[in-house]
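Chain residues, written in single-letter form:
Number of protein chains: 6
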Amino acid sequence: MSKRNSKATAAKRAGPARVPATEGDDTRLTALDLPGAPLSPEMAAYFAKCEEKLGFVPNVLKAYAFDGAKLAAFAAMYNDLMLAPSGLSKLEREMIAVAVSAHNRCYYCLVAHGAAVRQLSGDPPLGELMVMNYRAARLSKRERAMLDFAVKLTAEPWQVEEDDREALRREGFTDRDIFDIAAVAAIFNMSNRVASATDMRPNSVYHGQAR
Amino acid sequence: MSKRNSKATAAKRAGPARVPATEGDDTRLTALDLPGAPLSPEMAAYFAKCEEKLGFVPNVLKAYAFDGAKLAAFAAMYNDLMLAPSGLSKLEREMIAVAVSAHNRCYYCLVAHGAAVRQLSGDPPLGELMVMNYRAARLSKRERAMLDFAVKLTAEPWQVEEDDREALRREGFTDRDIFDIAAVAAIFNMSNRVASATDMRPNSVYHGQAR
Amino acid sequence: MSKRNSKATAAKRAGPARVPATEGDDTRLTALDLPGAPLSPEMAAYFAKCEEKLGFVPNVLKAYAFDGAKLAAFAAMYNDLMLAPSGLSKLEREMIAVAVSAHNRCYYCLVAHGAAVRQLSGDPPLGELMVMNYRAARLSKRERAMLDFAVKLTAEPWQVEEDDREALRREGFTDRDIFDIAAVAAIFNMSNRVASATDMRPNSVYHGQAR
Amino acid sequence: MSKRNSKATAAKRAGPARVPATEGDDTRLTALDLPGAPLSPEMAAYFAKCEEKLGFVPNVLKAYAFDGAKLAAFAAMYNDLMLAPSGLSKLEREMIAVAVSAHNRCYYCLVAHGAAVRQLSGDPPLGELMVMNYRAARLSKRERAMLDFAVKLTAEPWQVEEDDREALRREGFTDRDIFDIAAVAAIFNMSNRVASATDMRPNSVYHGQAR
Amino acid sequence: MSKRNSKATAAKRAGPARVPATEGDDTRLTALDLPGAPLSPEMAAYFAKCEEKLGFVPNVLKAYAFDGAKLAAFAAMYNDLMLAPSGLSKLEREMIAVAVSAHNRCYYCLVAHGAAVRQLSGDPPLGELMVMNYRAARLSKRERAMLDFAVKLTAEPWQVEEDDREALRREGFTDRDIFDIAAVAAIFNMSNRVASATDMRPNSVYHGQAR
Amino acid sequence: MSKRNSKATAAKRAGPARVPATEGDDTRLTALDLPGAPLSPEMAAYFAKCEEKLGFVPNVLKAYAFDGAKLAAFAAMYNDLMLAPSGLSKLEREMIAVAVSAHNRCYYCLVAHGAAVRQLSGDPPLGELMVMNYRAARLSKRERAMLDFAVKLTAEPWQVEEDDREALRREGFTDRDIFDIAAVAAIFNMSNRVASATDMRPNSVYHGQAR
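Chains as they are written, first to last, in the numbering used here: chain S, 93 to 303; chain X, 93 to 303; chain V, 93 to 303; chain W, 93 to 303; chain U, 93 to 303; chain D, 93 to 303.
Misleading hints may appear alongside valid ones.
[Stated by the list, open to error] Derived coverage of chain X by chain S (criterion: at least 3 residues anywhere in the stretch with Cβ under 8 angstroms from a Cβ of chain S; other residues may be distant):
| # | segment |
| --- | --- |
| 1 | 188 to 201 |
| 2 | 249 to 263 |
[Unchecked claim] Below, computed lysine-lysine pairings styled on BS3-like, alpha-carbon distance capped at 25 angstroms:
| # | chain 1 | residue 1 | chain 2 | residue 2 |
| --- | --- | --- | --- | --- |
| 3 | V | Lys141 | V | Lys154 |
| 4 | S | Lys182 | S | Lys154 |
| 5 | S | Lys244 | V | Lys244 |
| 6 | D | Lys244 | X | Lys244 |
| 7 | V | Lys244 | X | Lys244 |
| 8 | W | Lys244 | D | Lys244 |
| 9 | S | Lys244 | S | Lys233 |
| 10 | D | Lys244 | S | Lys244 |
| 11 | S | Lys141 | S | Lys182 |
| 12 | V | Lys244 | V | Lys233 |
| 13 | D | Lys244 | D | Lys233 |
| 14 | X | Lys233 | D | Lys244 |
| 15 | W | Lys244 | D | Lys233 |
| 16 | W | Lys154 | W | Lys141 |
| 17 | U | Lys244 | V | Lys233 |
| 18 | V | Lys244 | U | Lys145 |
| 19 | S | Lys154 | S | Lys141 |
[Unchecked claim] Covered stretches of chain S, going by a simulated chain X footprint (3 or more residues, C-beta under 8 angstroms):
| # | segment |
| --- | --- |
| 20 | 198 to 208 |
| 21 | 216 to 226 |
In case anyone wonders, no lab produced these hints; they're calculated from the structure. For every residue, glycine included, the Cβ atom is placed at its ideal position computed from N, Cα and C.
Chain S with its partners taken away, still in its complex shape (with noise of 0.2 angstroms):
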């Protein structure tokens, strides 16, 4: 049951000044040290467009930017399951990535698609809600549903079997959006390993987007 201080105030109360726990996180983006390498002209132009658009480039990209053709794969792949026309919304992929990322408890991946949750949906909340327990949330049937078979996928890929996929299509998923929801967490299943794998951190500003 948190007290209405000012930071400074409670900071002073909790003793010996602690380094603030993103330190380092846009700087030393990984526990790897990895030689750098030059940009090909169409990853320089995606990092300005980035630049542009979000006012920064997300770290996993700077990460896999010690070789082209990684973050190359690895962009077109992102950018497709994430971005590209689909049968789910943006923010319904948003959503499945959170669950995953939850469930695999990936630091890096919950701070910066919990800010997209957040920013998609207009609703922050909604946000905190898939890091902590989607179970939690009012969701639709539909979204239930969706976020469920993510879930299961992620914890327990071998159970997974035709009932789940029909449980899918009674709310209204397509095969094609089946094959969408399964993508999108596989990815996230990916991510999450490699950013795990690697001590891989968000860019600090994601923290504070659409609180």
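Here the structure of chain S is known, so what remains is to put chains X, V, W, U and D in place on it, guided by the hints.
This is chains X, V, W, U and D only, laid out in the frame that chain S set:
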């Protein structure tokens, strides 16, 4: 990778308006229909003090208010463990609260005590780290040992043994401190379950606190 | 497949004498070295009442006695939940206590509350069943639903939802009963962890009670 | 915290009479309806010997009696592992039996072999500890290593490797002893599953033995 | 995505020669150093029959040969369960053996009984499916129910109840069949653990059988 | 313990003919009904190259062919990670692929990449070991550390920390190698889930390759 948009634009893009995620959280506090009961003079005074110091009465207290004995017992135990003098700072106790609640994925406690970590530390991302994965935070050895003990005690209490207590003593914790770490972890293992069993909803004001 | 022998013969066959399993359990109550504190008049009276009614003071109370506020708060909460009027019988509450403690494999609570189930039911094997596997007991549908809820809440509280509450309502439990089931399960999730964290030892007298 | 009452008083307080927990356990041994078969002379002699030495025929033997080959094979394997000469004492073998059965929460085996630990040790609480949580018992390093191996082999056999065998050798176990520890843990992993699959009920006489 | 190369070319590309994965598997059968013992006439005859019918003596039998009583008991139980008349076909029993061993990730049993499924079915990919994930196989409802029961009994025997037996009866299994499903699943839960505890190695000849 | 019989005899003994386990696997590649799409020239050339070098187009590529962008992105990422120069040999990358897919029990990936391990190593049983339990294989310390990291990252990515990276460095892996181990483990965590979500079937030709 989120965009720089106003909330209004974002909401428009997301399609049909969603009901806000916190709708009803301040009026229907749990999923149980429990008859109200008049507060005892002591509890009325306590609620008034909450209003004065926090600006609101935490929903967990209101949720217990149907039964005066339960409310008084919970408040006494809670306030002793979280606010009375201890070898653990209040921030440390709140960090335990959140790390335990993250293991148990308890929405109520993560929202309320995540806010407390943000306030007491004056470092909002520290709150996020406790919610998302305390292992990704840059903690002192003391803090890490404290949280490892609390989370092991949460996840598999039957495995906690003398070696675990010794690991705390090596970081300078006294036996009394060990009791306090255990007791704080334990009360949140209790509260997480009361909250989950009743679908307890956090006061919506917590979401924006100390961001 | 055991044999009909006197204890003496059995002990002889087992080779070198073992230290009795309860050695020290009544004198060194936990693994923590906590300075004693004088009991408040209320708590001294409570301990005297325990001596009178039970013949001994449960070790859990003595273990909390190093700090008067903690002892008073625990005793108040415990006695309210386990002994005050409720839609649940005292036996039902003790059955929850043991089934929860069995999931958490808590030695202290299984010994103390296993004895309580034996006494309250007048049926010693019922106590064994709660300790070993409540699913193997021939329970009423009401009892089974109650224990299934309590154990699910123990094992994976993040999965408890409206369907689980509805399953209780279908067996005739009121919302107040649901609160009490949750609260009893929850306090044992707390006590199990305090006991495991401190290696709390049960009074040796429990072992032979109501056999 | 149980009360000093006669069973009669306790039963009265508990409300409507419950059917005793062991009702039918000595007459309907499993949930399967299997046609009886005449015992072979060897098995008839074995049953007679059980009656003479134990005072009863363990239900597990009667449960196998529908098929002479299965009964003979089980009895031969069981008696060799549990009763033949070994570097492990009979008590040690029974301790393994109970710790394994506790992991698998097997009612039949916990009742029958919990009684055996009580009898062979002459120390009833040692039986309770094996049932409830062997880690809470004050064991010799040899006993602890033995049970840790047996329980790991039960819980995650795919993780057992040379390091685990070496840990046993360090406590003085020979390779033959290691085989015996493994074989005893293994046969109870078998019996636990036959008992659970068939809802096998233990002879009611076990409950009161060696208390 | 593999290439069409001769083994020689492939090995060359893979860099420094590796020791073959089966090296020593036919000579050092387990990680335990157990003194040999002369075979009884019955067991000598049994080994000779294995040589004649299979072309070799399965290593599991040789691994038990250090102790005549253990070998005889294991052979008797194994042959009764897997080869004697039963409502389950031999193929069905081997399918259970492999699905259970896959849950337990037992190398010995997966190699030996995977070969048996390939041979008895005349369908090598069926053996692969049992090893990899039986849920991905196109099974009859009867087969699926049988394997679901066997694997649940393996993974969480404490959860097996009347509903599970009823699910088998609905597919036409008799109570005797249920016993046999349970007993086959159970003996492999035993054998998997003896094999894992001792690092038992399968005869190398199994790998190429019935491909 | 299998018998030396012709497939024909075996099939006869097994009772009514079963449908072959691979029936339909080469024609109905997934459980989703997704409209085909014309291949881009690049992808058409890629498919032709697969036909030429492998003799077939892997079903995973055909399964992605309904959408040119998804196919191109997957192929680019896959080929970079598995075929481009790396400090990891191609065999090592395939060993990771199979060990990860074994944890996730992914039928498609185990069949396709099990074949790759057999081919690249020239040692078929090595492929079996990766499928069944990599811990049972006689691996170099380097290989074991690599697979332990990959499987921990698969099973509990939230627990991967600096100690895990250090364990790889101690075996001589560079930071770039660590990235590659993580990225290969991660892409299979993705592919396993796409395959399981869609019931993707492996080309039947894989089963017999390099046996």
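Legend entry - 25 angstroms Cα cutoff - pair Lys244 of chain D, Lys244 of chain X: Judged against 25 angstroms, a Cα distance of about 18 angstroms means the pair holds.
Inset, instruction - Compare the distance between the alpha carbons of Lys244 of chain D and Lys244 of chain S with 25 angstroms, and conclude whether the hinted pair is satisfied. - result: Answer holds: Lys244 of chain D to Lys244 of chain S is near 19 angstroms, not above 25 angstroms.
Inset, instruction - Measure nothing beyond the straight line between the CA atoms of Lys244 of chain V and Lys244 of chain X; if it is 25 angstroms or shorter, mark the hint as holding. - result: Answer holds: Lys244 of chain V to Lys244 of chain X is near 19 angstroms, not above 25 angstroms.
Inset, instruction - Would you check the hint for Lys244 of chain S and Lys233 of chain S, treating anything up to 25 angstroms between C-alpha atoms as holding? - result: Judged against 25 angstroms, a Cα distance of about 16 angstroms means the pair holds.
Inset, instruction - Three residues minimum, CB to CB under 8 angstroms: does the segment 249 to 263 of chain X make the cut for coverage by chain S? Let me know. - result: Since three or more residues must qualify, the claim that chain S covers the segment 249 to 263 of chain X is violated, with 0 doing so at under 8 angstroms.
Inset, instruction - For the pair supplied as a hint, Lys244 of chain D and Lys233 of chain D, confirm whether the alpha-carbon distance does not exceed 25 angstroms. - result: Judged against 25 angstroms, a Cα distance of about 16 angstroms means the pair holds.
Inset, instruction - Assess, step by step, whether the Cα of Lys244 of chain V is no farther than 25 angstroms from the Cα of Lys145 of chain U, and give holds or violated. - result: violated, 52 angstroms
Legend entry - Pair hint outcome, Lys141 of chain V versus Lys154 of chain V [Cα-Cα no greater than 25 angstroms]: holds, 14 angstroms
Legend entry - Restraint check for Lys244 of chain V with Lys233 of chain V, where alpha carbons must lie at most 25 angstroms apart: Judged against 25 angstroms, a Cα distance of about 16 angstroms means the pair holds.
Inset, instruction - Test coverage of the segment 198 to 208 of chain S by chain X using CB-CB distances below 8 angstroms; three residues minimum. - result: holds (count 7)
Inset, instruction - Measure nothing beyond the straight line between the CA atoms of Lys244 of chain U and Lys233 of chain V; if it is 25 angstroms or shorter, mark the hint as holding. - result: Status holds; Cα separation ~23 angstroms.
Inset, instruction - Would you check the hint for Lys244 of chain W and Lys244 of chain D, treating anything up to 25 angstroms between C-alpha atoms as holding? - result: Since the Cα atoms of Lys244 of chain W and Lys244 of chain D sit roughly 18 angstroms apart, the hinted pair holds (cutoff 25 angstroms).
Hint check: violations occur at hints 2, 18; the rest are consistent with the structure.
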